[in-house]
Structures are given as structure tokens and as C-alpha cells.
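Top to bottom, those sequences are chains A and B. The numbering of the first sequence is this note's numbering, which starts it at 1 and goes up by one. The numbering of the second sequence is this note's numbering, which starts it at 1 and goes up by one.
Honestly, I wouldn't trust all of these hints.
To be verified - Some chain A residues judged to face chain B by a derived CB distance under 8 Å, without partners named:
(1) Phe137
(2) Asn142
(3) Val143
(4) Ile147
(5) Val148
(6) Phe157
(7) Phe212
(8) Ala233
Stated by the list, open to error - With a straight-line cut-off of 25 Å between C-alpha atoms, the simulated DSS-like cross-links for lysine-lysine are:
(9) Lys119/B <-> Lys106/B
(10) Lys58/B <-> Lys69/B
(11) Lys106/B <-> Lys200/A
(12) Lys166/A <-> Lys133/A
(13) Lys3/B <-> Lys42/A
(14) Lys289/A <-> Lys3/B
Source of the hints: derived by calculation from the structure; they are not laboratory data. Glycine included, C-beta positions come from ideal geometry on N, C-alpha and C.
Each chain is listed here by its residues.
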Amino acid sequence: MQKNTLTRFLLVVALFLGQFTFASDTEKEAGEHGKDLKTEIKEYISHHLQDAHDFSLFSYTKENGEHKYVGFPLPVILWDNGLKVFSSSKFHHGETLAEIDGNYYKLYHSKIYKTDAEGTIHYDEEHHATNVKPLDFSITKNVVMIIVTGLLMLWLFTSLARSYAKNNGVPTGVGRFFEPIVLYVRDDIARPNIGEKRYKKYMPFLLTIFFFIWFLNMFGLTPLGINVTGNIAITVSLAIMTFLITNFTGTKDYWMHQFNPLGDTMPWYAKIPLYIILIPIEILGLFIKPFSLLIRLYANMQAGHIVLMSLIGLMFIFKSWLGSPLSFGLAFAISLIEVLVALLQAYIFTMLSALYFGFASEEHEHDHEAEVAH
Amino acid sequence: MAKLLEEFSLGLFFWQTLLFGLLLFLMWKFAWKPILKAVNDREDGIKDALAAAEDAKKEMQNVTADSEKLLKEARAEREAMLKEAREIKDKIVADAKEQAQVEGDKLVKQAQATIESEKKAAVADIKAQVANLSVDIAEKVIKEELSDKKRQLKLVDDMLGDIKLN
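Work out the full structure, taking the sequences as your base and the hints as a guide.
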């Protein structure tokens, strides 16, 4: 018991030390570039929220003003009239241009642009870079985290599966913790929303998406500065999968509901004026459902990270014995809430996906009765 | 919205879709399928065991009921047998008594008849002997008496008187 408490305490300390290193980095950079501290923190936060081409754990500035980055570079894969693969260390964290096969690439606000030899960035009137962006299939920090999470899940759950075989249907080790969650997804998410008869074929997707989102959300709370589920590309991909599964497993009844929502309740000529409005709404609904999924997950995770990092940033703005502990306390409270949100968002995404699958695979009993009656 | 579109990275989208698809497939094949199967099997096992226990309980109840019924039947049969035996005994005793009565009566009658006939025979015999004896005596007396007339007459008179007395 005591050991557990100690471990937990150390974890919390580690979490905050991690956040501190990010923050202290910000402060020093601010002094150097002569920028406003607030702007610097803002930029740092927005930088953190984005994907990165290298996996940096933390960075600091030496006495002589030289930046030291601790982390490791990741492979950059570009498609620009041919495949170009090189290490992100060539960018030196955006400080230098990477010259590959006579082309120059610059890392600017976490995106790769093609530039001339001097690294000029052209802007439009809204200060957006107008340089050519080559297709970027790099193994970024988020891709690395997806792979890590995938491997972790594979390891955890194949070992759970093996422990059943070895131990006569009783889980051992970490499986004891995860088995009730698997059962929860089955009994309280899939079964009530999809129905006893059809829930089985959706189980692998629901379980995978639940643990995938949950684990990545939890990774987002570590001091590694990861924000995978708060990235729009990730949530779009997840929502598209839910969308595709929903519509490809849709039954006749489901499509009837989409294009003939009123059924036999009134004659066809009465339905025409209603359907001019109803059918577009139904079709819009098809897309709004997954869209709400992707925005909800994205916004929740993004907001959580912004709030947490802003509170930590406040410590360096206040720099007082009153303000800093206060924002520390607040950040602590928020990070506890974020642990809950991490689970909650995974639950909501899975739960709503299950609900949509339930709608799609539903078969109305009364329709068959009506057919018999005719 | 424009910010969202700007943030959207096609490369990340590509990798996410590819890797998630791969993960989904691998998890399906190597994790969820065996896990859900094991859990289902376990649940079915529990259900079966409970059903079996319920069956066993019912069977037990049936067996108890059967044995009680058997016991009752056996008791009733024993009672019936005892009753029958008692009846038979009573009948046998009654029969025996009756038969004995009849036999006894018959013996007594026979004995009485025999005694009667024996008595008759004996009386007849005595009468004959008395007659013979009387004749002999009468002969001797007559022989003697007849020697003396007076005496003869007297004798006849006496004798006749005697016979009358008898």
C-alpha cells in the first residue's frame, strides 16, 4: 500500500517536472529572442499541440546561449517528384534547411515547405506561408506514438488471450485489470446499443477504438508532450472508420429510414413536400454524426492540453509566492480531471459509435408485421 | 474551420488509417477473438454448471419423493398383509373349533349308542343265563321235589312266589 502511494507520488512529481522542463525552456527562449513572455508561452503551447518531426523529450539553453535538445530525430518521408527519405536531424529543429537532391526544405511551424537555397518563406496577406508543401508522409512523433500504442495494446491483449489458454479461463497479471474493461465495453456499450443478436461483429472495432483512444489520451497526459488524439487528422480517420462501418453494415430498414422516414403513415403525394426538407436533413445527419464524433474528441483533448499548459505557463508569468503555487494547484486539479476526461472521451467515442452501429443494423419487427398484413 | 483545415495533415491521416487498420486486424485476430471466446466459454460454463446444479437438485427432490412414496406403499402393504393374516388365523381357529365340536358330538353319540347296545346285549345275556339257571335249578328241584308230592307242590308254590318277587 505504502509503496503504491509512493509510486503514485513519484509519478505525479515526474509529470510536473516534465511540464516544468517545457516551461523553463520557453522562458529562456523568451529572454533570448527578446519576445514577450506571454507570446512565447502561447507559441510554445501551439507548438506542443501540433505534430512534430522529431521526438524531443526536453531542451535547454547552455550558458553560452547554445540550444541543447534531448530527444531523437525521426525519418522524414516526402513525395516531391519522387520519394525522398531523410532524417529529421537535418532540419536541426527548424534552424537549418535540409538539402536533398538539390531541393531545399524548411521546417516552419511544424510543417515542411519547399524553399530556395536561402530558405525564404513567402506569405500572403493573412501571413500564411504560400510556399509549396510537398506531400509529407513522415514518421512523425504522432505516428511513433500510434505505433507504440499499437504495440502496447498488442502485447497487453495477446498476453491476456494467452493467459486464458494457460490458466484455464482465468486471467492473470495485468489481464485482471483489463478483463473487466473488455467486459464493460461488451456488456454496457455494445450489447445495449447494438442488440444481443448483432453486437458480436462490431466488438473488435469497438474494443480496439476504445483502448486506442484511451491509451493515447493517457499518453497525452505524460510529460512527453504528446497530443495524438487532439490532432484533427487522427480524429477524422477514426470518425471515417465509424462512418464507413455504419453505412456498410446498414440494413434495408436503415436505408429505408434514410430515404423514406415516414414509411406508410401517409400517401405518397402528401410525403413529397415533406421529403423535400426531410430527406436532405436525413442525409446531412449521416455526415453530422461522425463529424460530431471527430470534433468532440479533437476539441476535448485539445482544450485539455491548452488549459493544462496555460496554467503551467501562468506560474512563470506570476513568478510570485502566491500566484505560482495557486496555478500549480490548479494545474494539478486539472490534470486529475484530465485523467477522467481521457477515459470519458474514449467511452463517449466508443459508445456513440456503438449507437450508430445499432441504428444501422436495426431491423424493425413492425415492418415485417405490416408485410404480413398486406 | 480554416485553422482546422490547415492543421489537417494528410501524411498523419494516411499513417493513422493504415496503422489503425493494421492494429484492428491484428487485435481482431490475436487478441479480441481468443479473449471474447474464452470469456464466452467461461460464461457458458458457469451457466451450464448452474443448470446442472438445478437439475441435480430437481432429481434429488424426485428421488426423495419417490422413496417416500415407496415407503408409504410398503407400509400400506405390510398393514394389509398383517390384517389378512389375522383374518386367516381367526378363521382357522373358528373352523377348528367348529370341527372339533362336530367330531366330539359324533363320538359322544357313537359312544352312547354302543353303550346302549352293549347294555341291551348284556341284559339279554343275563336274562338268558338266568332263564337257563332257573331251568337247571327248576330241573334239579323238580327232580328232588318230585320225589315227594307234597314237597313238589310246595316248591312250585314257593318258586312261583319268588318269580313274582323278581
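Right, here's what the structure says about each hint:
1. The beta carbon of Phe137/A comes within 4 Å of a beta carbon in chain B, closer than 8 Å, and the hint placing it at the interface holds.
2. The closest approach between the C-beta of Asn142/A and any C-beta of chain B is roughly 6 Å, which is under the 8 Å cut-off, so the hint is satisfied.
3. Interface restraint check: Val143/A against chain B, minimum CB-CB distance 5 Å, threshold 8 Å, status holds.
4. A cut of 8 Å between beta carbons decides the hint on Ile147/A: the least distance to chain B is about 6 Å, and the hint holds.
5. At a threshold of 8 Å, the smallest CB-CB gap from Val148/A to chain B is about 11 Å, leaving the interface hint violated.
6. The beta carbon of Phe157/A is positioned within 8 Å of a beta carbon in chain B (closest approach about 4 Å), and the interface hint is therefore held.
7. At a threshold of 8 Å, the smallest CB-CB gap from Phe212/A to chain B is about 7 Å, leaving the interface hint in force.
8. Hint status for Ala233/A: holds, given a least beta-carbon distance of 4 Å to chain B, under 8 Å.
9. Taking the CA atoms of Lys119/B and Lys106/B, the gap is about 20 Å. The hint holds against a cut of 25 Å.
10. Proximity of Lys58/B to Lys69/B is assessed by CA-CA distance (about 16 Å); at most 25 Å being required, the pair is judged to hold.
11. Taken as a hint, the Lys106/B and Lys200/A pair is broken in the structure, with Cα atoms around 105 Å apart against an allowance of 25 Å.
12. Between Lys166/A and Lys133/A the CA atoms are separated by roughly 53 Å; this puts the pair beyond 25 Å, and the hint is violated.
13. Of the supplied pair hints, the one linking Lys3/B and Lys42/A holds, its CA atoms being roughly 16 Å apart against a limit of 25 Å.
14. Among the hinted pairs, Lys289/A with Lys3/B is consistent with the structure: their alpha-carbon atoms are about 21 Å apart, no more than 25 Å.
Checked against the numbered hints given earlier, the structure breaks hints 5, 11, 12 and satisfies all the rest.
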